[in-house]
Amino acid sequence: MGKYVWTAAAGVLLLSLLAGAVWLVQAEEPYAPDQPIAFDHKVHVTDYNIQCFYCHSYVDRSPFAGVPSVERCMGCHLIVARDSPEIEKLRNYQQSGEPVPWIKVYALPRFVHFNHEAHLRAEVQCQSCHGAVESMSKVTRVNDLQMGWCLDCHRSEEASVDCLTCHY
Amino acid sequence: MIKRRDFLKVMGVSGPAALLEACAPPQTEQLIPYLVSPDNIVPGVPAYYTTQCRECPAGCGMLAKTREGRVIKAEGNPNHPVGQGHLCIRGQASVQSLYNPDRFRGPLLRDEGGQLRTTDWEQAEELLTSRLGQIKASGSEQRVAWMGRLLTGSMEQLTRQWLQSLGSERLLFYETFDYEPLRRATQIAFDRSELPSYHLQDARFLISFGADFLETWRSNVELMGDFQRMRKARSTERPDNFVHISQRLSLTASNADWWIPITPGAEVQLALAIIHSILEQGLAVPEVDSDRGWIESLVEPYSPEATQNATGVEVSSVQELARRFSQDSPSLALGGGVSSTGEQAVSLELAVLLLNAVAGNLGKTLTFGIPSALDQLATYQEVLDLIQDMNQEKIEVLFLHEANPVFTLPQSCGFAEALEKVPLVVSFSRLPDETTARADLILPDHHFLESWGDFSPRAGVVSIQQPAMQPVFDSKATGDVLLSTAQNIDGMASEFEHSNYFDWLHAYWDSEIRTQVAAEQSWEEFWPDILRQGGHFQEVEPVTVALRNFSTQIRLQPEGLEGPEDGHALLVYPSAAFFDGRNANNSWLQEIPDPVTQLVWDGWVEVHPESGREMGLQEGDVVTVTSPYGSVTLPVHLFAGLKVGVVAMSLGQGRSGELRYASGRGDNPMRLLSPQAEPESGSLLWRSVRVTLAKTGERHQLVSLQARPQDHPRDTLIAREVQDTPFAEQIFPSQLSDSASGEEHDTASSHHEPIDFYPPHEHPDHQWGMAIDLDSCTGCNACVAACYAENNVPIVGKEKCAQGREMSWLRIERHLHDPPVTQESALVQPQVTSVPALCQHCHNAPCEPVCPVFATYHNPEGLNAQVYARCVGTRYCSNNCPYKVRRFNWSASEFPEPLELQLNPDVTVRTSGVMEKCTFCVQRIQAGKNRAGREERQLVDGDITPACAQTCPAEAILFGDLADPDSRLSQRVADPRGYHLLEGLNTRPAITYLKKLVPEKPFDEE
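One line per chain: the protein sequences are E and G, in this order.
If you number the first sequence the way this note's numbering does, the last residue is 168 and the count never jumps.
If you number the second sequence the way this note's numbering does, the last residue is 1006 and the count never jumps.
Just chain E, same shape as in the assembly (with noise of 0.2 Å):
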C-alpha cells in the first residue's frame, strides 16, 4: 500500500459519498407502494363521501384503526362496479377465502405503541399524520414518521411527551 494509502482512502469516500447521494435523491420519492387492488380513496371519500370511520371503524375504540374486512367492501361492490378489474380481484380474495394482503403505508417500528383512540379523543384530524387521504387516488406517506416530527405535534398541543407514553 504505502504511497497510495491517501488515493485509496478517497476513492472509498467518494464511492461512497456518490452512493449516498444516490440514495438521498431515491429517498426524495415518496412512498407510495403499489397495493394488492388499486384501491382509490379519492372516489371512495371525496366523489362518495363516505366517512373514514366506516372502514377505519376501530378508530375511536382501538390503538390500531383497522381497515375494512373483505365483508366490509363486498357490502357495496356485490351490486356496485362489479365489472371493473380490481372489483373482480376484490371477488377472487373473497370467494377463495384469503383477506386482502394490503401493504402497510404508515409503518411504525415495533417498539412503538402508537394509539389512535387517544388521538382520536384528543380531536386530531386524520390528515394532520395521514395527509390528504381524500384526495390520493394511491396512498401515500407525506412525512417520514420520524420521532422528531410526533413530538413537534406533543409539544405544541402539550400532550405528553413522557417516553413511556409510546415505548414500552
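Computed list of lysine-lysine pairs in BS3-like fashion (alpha-carbon distance at most 25 Å, straight line):
#1 E:LYS3 x G:LYS9
#2 G:LYS643 x G:LYS695
#3 G:LYS798 x G:LYS884
#4 E:LYS104 x E:LYS138
#5 E:LYS3 x G:LYS3
#6 E:LYS89 x E:LYS104
Hints listed in this document are in silico derivations from the structure and should not be mistaken for laboratory results.
Got chain E sorted already, so can you dock chain G onto it with the hints?
Coordinates of chain G only, in the frame set by chain E:
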C-alpha cells in the same frame, strides 16, 4: 500485507461513509384485514372468555385473555368460587402448554414396523370404528376399558354411555394423586364416603399432618386464599397459629410458624397423643361426651409421655398443642399429604378426624355434604385389577385420556408390560409421553383452552369451559371423536342423538342443569348468563354428621417400610410446578426455580447434610438410589429441611421422549416404589420403601438461582453488611408497639434523617407504588409465571442460568434465618421469609444517573422507565442497581414455533443488547388510562392491576396510586410493619414491604 497505520487511515476516512449505507428503506409490512369481521372482537382490544383451568383437579375458574384470536394470558375468574380471581403457577403456565412446540400436530398411527406415522382423522377414526364395530357386533362384554382423568358432567355422561354401548363398564377415573385414605376414614368415622370440605378462613389454629395445601393438595389456590384470611385474623400477642408436621420442609411447611420434623409413621401417635392430652386437660367439647368411653380407651396407651420416644415431641409441647388446639376455637387439623401416604394412612386420617371432633371443629371448619369430584376417583387397587385383566388378555381396546400411567404409576406394578397384551392402545394425549410411546393410535385431544367442556370440582360449582381460540394444530376434541365414531358403528348411531360434542354439551346443560337450577328460564336466557359468569355456582348447605365408634377399625401397628434397615426412608412428593410430571415440558416451569430449593432445570435427590456427611456425599455428587424395586440415578442436593434418615425426591422430572425441555433431566422416582396398594383404602403406597445411596463417581452441576451463603453476598437482596438490622423482613409482636405509625419507616439502629442531593421528583397526577405483604407471600412463584406470560420474558436455559443470566423480572428470594428463639424442642421455627424482588422504582434510582444515553429515567408518574429503543447495552445501570433486578439480553430471545403466538402484542419483544426489568406492567397502566379516557372519567383505585398482583392467590401484592390519599395502597403503606428494602441506601423505593410477623417465644411458653 497492509500496514497498521495505513489501515487506520483508510478506515478513519471511509468508515463514517459506510454508515450512510446502513440506512436501508423500511421492509414492507402488510396490513391484513378480516375476511368477515367478528361482531364482538375489536383488534387491539383484548377479548376475555370464561373457562376453567384443567391443569389439576382443583378446577379453578379462569378468564382466557385473547388478542386477535389468540390466547395470550390466563387470569383467574373473579366470579368463580374456586380461585376467586387467582391462578397458581400451573394455571399461569397453561398458555405455554397450549402452544407447546412438541405437541402432536395431528393423529398418528403405529405401523407394522412399530413406527408412528402421521395420518388423517378419517383414517384414524376408521381404524377405531372397525375395531369397535367388531366388538359391539360380537357382543363381547367388558372388552373395552377407559383410563382417564376425572370427568364430570356432560363428558362423563358421554363417555359412560359410549362405553356402555360397547358393552363395558370399565371407566376408571385415574388421577396420580388421590385422597382415598381420607375417604375411607370418613366412611368409617361418619358413614359418609366423601371428602370433607375445609374452611381454613374460620380457623384460629391449624395443624397439618403433612398436607401440602399451598402447593398441590386438594385445591391449592382456594386454600391459599383461605389460609391468608386465617392469618390476617390472628392476634398479635400470639401470632403463631400454624403447625406443620412432616418429614420435609415443603413450601407449606416453610410457611408454618412451627415445623415438627417427625419420623415416618409417628404422625398417628402424635395425633392420638394430642387427643389424649385434650381429654386429660378436660378440654374436649360436650358434643363428644357420649363417645368419651371408647375414645378414652382408644387413646389411653398414647399419652404424651408414652409417645414421646416415637414422635420426638416433648410432653409440654404436646400439652400446649392440645391446649391451643382446643382453646383457639374453632381450629382445624388436616390429614396426611400424598407423600406421607403409607401403611398408616387411613389410621392417620381417622386420628385427625377424631382430633377435629374432640376439639369441636365438626360442622365449623370441617363440614360434610358438599361432595367433591375427587370422590369419584378410581383407587390404585382398581388400577391393579385392570392391569391383571390386561395381562389376562381380557382387554381388547384401552383408551388413555389425559393420563400417563407408564410414568406416574410405580414401574414395579407392570403397567407398561401389561400394555403389550392389549391389542389396541389408544391415547388422546396432546404431547408425546411415556405412554404414547407404547400406544398404537394417537388421537390428540384439544387443549382445554381450545375446546368446550364442563367440570364440577364440588357440589354447587359447575364450571363451563369455552374454547378461547381455534385449535392450534390438527387435534380433535375427544368428545367429537366419540360421537363421530358412534355415528359409524352399527347399532350405536341410534343411541346417540348428537353428532358432535358441542350439541351434546348444550343438551346436557339444558336438560340436566338448567331444569335443576333455573327451570323458569329459557335456554336463550340461561346460556349467556352461564357464559358470562363462567358456570353455575350456588351455596350448598352442609349436613351434620355423627361420629361412630371406630375403635376396632383403627390399626395402630408401626409403619413398615421395605428395604434395608440402615437405608433411608424415601419420600416422593408432588411437584408444585410439574404436578405429576405433566408440565415438565413447559420451559417457564423448568426455569422458574423450585420454591424451596431454588434449583432449576433439574431433578435431584434431597439428602440431609448430616446424612451427607456420614455417607461422604457432597452437593452435586451423582448417586444411584436403590430400593427393593428399582433404582434411579440422581445428583445429590444437601437440604437441611428434612428429618434425618429421610431422603426426598419430587415427582415430575425424569421424562423421556421427544420433549425438548423435559427429556433427560433427573429421573423418575416411581421406579422405586412398591407396587402394592394400601389394603384399607386401595390407595397407592407412596411411603413404602427405604433406599440406599451409592456414589457413581460422577458429578453434576445443580444450578440455583439464589446465591447461597458461600456465594457473593451482593447478589442476595438483603446483603447483611448493608442491612441495618438482622432479620429486617421479620417483626416481633413486641416491636409493633414500639414503632408509631406515621413516622418515617426506619429500622431500629438508624440514625439520621436521609439527606437528598437533589430536590424531590414531582408527581402531579399519579405516583404508582406497591405494597408487598411478606406475611402473606407464601413463595409459590405464581406471580413469576404471570410476569413471564404478560411481559414476553424469554427463557435462557440451564447453562445461561448458571451464569446468572436468567431473565425473570420478578424473583422470590427465600430468606432463612437462624431462629432467634433458642429452644430445646422438637418444634422448629422454619424462619423462612419469601421476599418478592422486583424493580423497586426508586425515587432516587441509582440506575438512572449512570445511563450514558438516558434510556432510563424517572417518569412523571413515579415509574423508573426503561426505553428499549435508546438502550445501547453498557450495563452500567444493572451494575449500579443494589437490588440486582435489571436483566440484560445477552442474546436474542427465541420462541420456538408456535410459542410466539403467546407473546403479548402490547409489550415490545426485546432484542439482544438491551436491558429490561419490571415496568409495573406499564402496558396495563396505559390501558387503564385509555379505558378511563374512553369512559370519560378519572382513574379509580383498582382500575390497574399488574399481572403479579392479579394472580397472587395470597393477595400479597397491592398496586396503587400513592398520590391518592384514599387509595388502598396509601392506607397500606402507613402500616407499622412497613419498611423499604435496603433502606439505608436512601434509594426511596416505591415499594413498601410489610414485615412478616413471627412468634417471639418458644411454643410452649405462655
